[in-house]
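There are 4 protein chains.
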Amino acid sequence: MSRRPLIGVMGAGEGASSAAIQLAEELGAAITERCWALLSGGRPEGVMAAVSRGACSVEGHLVVGVLPGDGRDHDRQQTAELDLALFTGMGQARNLINVLSADVVVVCGAGGAGTASEAAHAIKAERPLVLLAVPPLWQEFFCSLSAAVQCTDAVADCCSHIEALLPQD
Amino acid sequence: MSRRPLIGVMGAGEGASSAAIQLAEELGAAITERCWALLSGGRPEGVMAAVSRGACSVEGHLVVGVLPGDGRDHDRQQTAELDLALFTGMGQARNLINVLSADVVVVCGAGGAGTASEAAHAIKAERPLVLLAVPPLWQEFFCSLSAAVQCTDAVADCCSHIEALLPQD
Amino acid sequence: MSRRPLIGVMGAGEGASSAAIQLAEELGAAITERCWALLSGGRPEGVMAAVSRGACSVEGHLVVGVLPGDGRDHDRQQTAELDLALFTGMGQARNLINVLSADVVVVCGAGGAGTASEAAHAIKAERPLVLLAVPPLWQEFFCSLSAAVQCTDAVADCCSHIEALLPQD
Amino acid sequence: MSRRPLIGVMGAGEGASSAAIQLAEELGAAITERCWALLSGGRPEGVMAAVSRGACSVEGHLVVGVLPGDGRDHDRQQTAELDLALFTGMGQARNLINVLSADVVVVCGAGGAGTASEAAHAIKAERPLVLLAVPPLWQEFFCSLSAAVQCTDAVADCCSHIEALLPQD
Chain A
1 MSRRPLIGVM GAGEGASSAA IQLAEELGAA ITERCWALLS GGRPEGVMAA VSRGACSVEG
61 HLVVGVLPGD GRDHDRQQTA ELDLALFTGM GQARNLINVL SADVVVVCGA GGAGTASEAA
121 HAIKAERPLV LLAVPPLWQE FFCSLSAAVQ CTDAVADCCS HIEALLPQD
Chain B
1 MSRRPLIGVM GAGEGASSAA IQLAEELGAA ITERCWALLS GGRPEGVMAA VSRGACSVEG
61 HLVVGVLPGD GRDHDRQQTA ELDLALFTGM GQARNLINVL SADVVVVCGA GGAGTASEAA
121 HAIKAERPLV LLAVPPLWQE FFCSLSAAVQ CTDAVADCCS HIEALLPQD
Chain C
1 MSRRPLIGVM GAGEGASSAA IQLAEELGAA ITERCWALLS GGRPEGVMAA VSRGACSVEG
61 HLVVGVLPGD GRDHDRQQTA ELDLALFTGM GQARNLINVL SADVVVVCGA GGAGTASEAA
121 HAIKAERPLV LLAVPPLWQE FFCSLSAAVQ CTDAVADCCS HIEALLPQD
Chain D
1 MSRRPLIGVM GAGEGASSAA IQLAEELGAA ITERCWALLS GGRPEGVMAA VSRGACSVEG
61 HLVVGVLPGD GRDHDRQQTA ELDLALFTGM GQARNLINVL SADVVVVCGA GGAGTASEAA
121 HAIKAERPLV LLAVPPLWQE FFCSLSAAVQ CTDAVADCCS HIEALLPQD
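Residue numbers (our numbering), protein chains in the order written: chain A, 1 to 169; chain B, 1 to 169; chain C, 1 to 169; chain D, 1 to 169.
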């Protein structure tokens, strides 16, 4: 059995720009088209919601959300676009699980401090990291932490980077 | 989109009895047959391996492992029977994630202290818990912690309990 | 510099019996008298509160609470009897930190499922475990998981067990 | 009983500069002089070791380390400069505990990706954050995430910031 590569996409929740949301939706669709599985923070807003929605718009999707809540009723009702919802009950510590589980991590658009923590954890854990359409300051900062970080502004190019970064069997 | 119910199956790793392993394999197959997804601790041994193997023996499986390791190379190579491998880097704390994420938790066969912690966390978190073919002392102990715990010795009966315990839409 | 031994005391929160609360208070005082530091779940109720109160009643105490909450204002106000409050934001996963951090773990009185998870984690992690005044069923269950578990009904005897179980320099 | 403020100091491990190490040692001493308790990542290297050493050089210290390991023998032997060693067994997820537990978080000197994750988590969790002698790019990046971040190059000034940022009773 050969497992589908798992692509982690991180980005802003509430404060996401409409440009980031559009890119995330496009990226999600591209992920499913390539038969990759998608992993995100799973909450129903911003980049997380958009990338899941995009991935679900193509047949054959596998969309996983790793959530901060403990899965009580309210949590469970808010996960419509997920094929699998994992509840950690660990708040922001779930950011680290996202990063460790992904074969490649993508940061999509300008995010807040939560997204920044995920990019930093990805570098610390030596997970391949692609920055998609992030501000120049984000590029400069994270590239200063690791020479291996990839940057791009286009979804097609991002997918080429992912492809090149996936572990070879 | 309607998500597949997620059944968490917990049990012994290295020390699992052959009876527990056979039951786990049978239970895994029954889970996929009912179009449920399977969640386990994901390591390649004992009940975890057997339930995944059983689930994978039926078409349409969705088998998730939530692992203690941080997903470095060695970890990744040991997850052959998983459709999805989530790496937590959190050791035994991943037991709690398994329990919180499952719609119903099943303990299969006599387990060790790790399995006992999962049964206890399930009760604490008020997740439905079914004990399948556990020793009388386990039944007595966990039923003393919660009147809602179900006990059975047969896979078919276990699946009926799961069915009755699944959240209704 | 020689570090003070750290004794973890676990037990019921809200549902603690008055016998367990009295024992916990006595045990806390005995811990400080022996120049040990105390670690508990830190919440202001039941055995956690009582053992901290007891430890603080003797001069020279060092009382640590490892809390499930994330340390927002409300959490911080509820930790009056702690010399140190550690906020994990990880809910029940903090139980595991308590157990791993303690040099010896004591379960005081009949607890609920949360306490049971801590006893199970202690055994799994091979931390020395003393059961103080727990019901026969608890004794029987946890002793079936590990032959190293110690049981007693008296605080003085519990402290002798702790002393014997402390790591030797 | 009034609890001592807990100051979290984060910085590079192995790759710390000698300037950062000297500042950390000075900061540690200043923290104990003010009767504050110190919290760090606790490992015996770089900024973590230096700040603990500094704090221990003044009488009345309370030095806490929150460690990534699970407290097996090897871990325990490496914590000479700690009054309290908390073992999480959660790897980098312990970074979040450090941040949530501190009343004020200080980043000391240029750090790596682990330190960056801690600064990001501090902002996300709305913990007061002081950047001490970090590179201009770090200042610019973290100040772009939150207007509340304080920057300074001197230990005395850092302590004034901490004092002003401590929760008022």
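Please note that a few of the clues may not be correct.
What the hints assert, rightly or not - In silico contact screen, one side only, chain A against chain C (beta carbon under 7 Å); selected entries:
id	residue
1	Leu62
2	Pro68
3	Asp70
4	Gly89
5	Ala93
Hints are computed from structural coordinates only; laboratory data are not their basis.
All residues carry an ideal CB built from backbone N, CA and C; glycine is no exception.
Quiz item: Close enough to count: is the Cβ of Ala93 of chain A nearer than 7 Å to one in chain C?
Solution: 6 Å, holds
Quiz prompt | Status of the hint placing Asp70 of chain A at chain C (closest C-beta pair under 7 Å) | solution = 6 Å, holds
Quiz item: Taking 7 Å as the limit, does the beta-carbon of Pro68 of chain A come near enough to a beta-carbon in chain C?
Solution: Pro68 of chain A check fails; min Cβ-Cβ to chain C is 9 Å, beyond 7 Å.
Practice problem: Against chain C, run the beta carbon of Gly89 of chain A and see if the smallest gap drops under 7 Å. | Solution: 4 Å, holds
Quiz item: Is the hint on Leu62 of chain A kept, meaning its closest Cβ partner in chain C is under 7 Å away?
Solution: Violated, because the Cβ-Cβ distance from Leu62 of chain A to chain C comes to roughly 27 Å (cut-off 7 Å).
Checked against the numbered hints above, the structure breaks hints 1 and 2 and satisfies the rest.
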